[in-house]
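Enquirer: Chains as they are written, first to last, in our numbering: chain A, 307 to 468; chain B, 307 to 468.
Among the clues, some could well be false.
Any copy, or any two copies together, can satisfy a pair, since identical chains are not distinguished.
[As the list claims (entries may be wrong)] Heads up, simulated DSSO-like pairs for lysine-lysine below, C-alpha to C-alpha not over 30 Å straight-line:
{"id": "1", "residue 1": "Lys-312", "residue 2": "Lys-352"}
{"id": "2", "residue 1": "Lys-312", "residue 2": "Lys-349"}
{"id": "3", "residue 1": "Lys-312", "residue 2": "Lys-377"}
{"id": "4", "residue 1": "Lys-352", "residue 2": "Lys-377"}
Since the hints were derived computationally from the structure, they do not count as laboratory data.
Protein chains: 2
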Amino acid sequence: MFKVNKLTDYATVVLIDIARTDTVRSSQRIAERTGIPMPTVAKLMKSLHRAGLVASTRGAGGGYSLCRPAKDISVADVIQAVEGPIALTACADTSDEECNIQKLCPVQGKWNRVNTAVRSALSEVTLADMVDEVATFGRKTFDAPAVVTPAVVTSAVVTEVR
Amino acid sequence: MFKVNKLTDYATVVLIDIARTDTVRSSQRIAERTGIPMPTVAKLMKSLHRAGLVASTRGAGGGYSLCRPAKDISVADVIQAVEGPIALTACADTSDEECNIQKLCPVQGKWNRVNTAVRSALSEVTLADMVDEVATFGRKTFDAPAVVTPAVVTSAVVTEVR
DNA sequence: AGTAAACAGGACCCAATTAGTCCCGATTGG
DNA sequence: CCAATCGGGACTAATTGGGTCCTGTTTACT
């Protein structure tokens, strides 16, 4: 199966949730809202922060917020933040790995075209697009916070009820 | 790192090699030509056969050959043959996995757009394109068969010397 | 027929990657 | 000062993927 990390999936969930109500919120809060385990959220947010997608405020009352408007954050950005450079094979141009037989590898360079195509495809969809879809998806309200076990969560944002 | 399997990389190498001289060849022979370990080649070819990318002939003198012209085999085909359906997240439409919270997952369906974009990007490059590039790459000849350890091979086709 | 070459399918193991947890130090607001 | 919160990184557990092997079937050739 050709797929993104589970963490990347989580990342979109978190970011979309933040984008919907643009306020500062703590990892703790994010964990509660999304159902993703708190330590995992913390780890995730560090990656997103290092990649410059979210801004962080330390200390009591601190937390995270989007660094740029949602329309300026693409799926490619998110993937790169969590998984590193998008390079379909080890010997592609943006890869930091090194192909040991580069001099004699006839396929070398050919994947770059594919990489570029994929990268641009992933750059075309932004968080804003996803937020839009979410907004029109038909919001649901729950009596109790919908608690889902981590293993089960794939892309869940628990709609705010408080 | 967002990347394809090593097996998928191998697959392109093998298929490109077959495409270059369109004749039937055994797993054994393919292994020799590419430097990929024989058992791995065997496994790989089974996948490619099951996916309908190569035709197989059993018995002595048997082997594999392309099922369709190289220009009709895309990178997407190869990836799908080796890794299964291209579905970036578990809950995407072509996925056989099931998203347990589909009813309340607001992101659901949104990745499909991304999936489609990626899929079409991957469909645009065919084996024929890659073969062309290989042909003009500047063929090299070696005195001895270039033996590369499996761990090192990323995308190698050993140019025929016999 | 008999034998050897080759594919088909699947079980299995080991290594590599990824997911997830935890700890400790730094920062900041009350 | 204390509590809340981020930052970095070490560590463990779980999952996946790469690779091997075995057993059966098909086919060519003698």
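Enquirer: The structure should be examined with respect to each hint, and the outcome stated for every one.
Expert: Hints versus structure:
1. Lys-312 <-> Lys-352: The answer is both: 16 Å in one copy and 29 Å across copies each meet 30 Å.
2. Lys-312 <-> Lys-349: Intra 13 Å, inter 28 Å, cutoff 30 Å: intra and inter.
3. Lys-312 <-> Lys-377: within (23 Å within a copy, 34 Å between copies)
4. Lys-352 <-> Lys-377: within (21 Å within a copy, 44 Å between copies)
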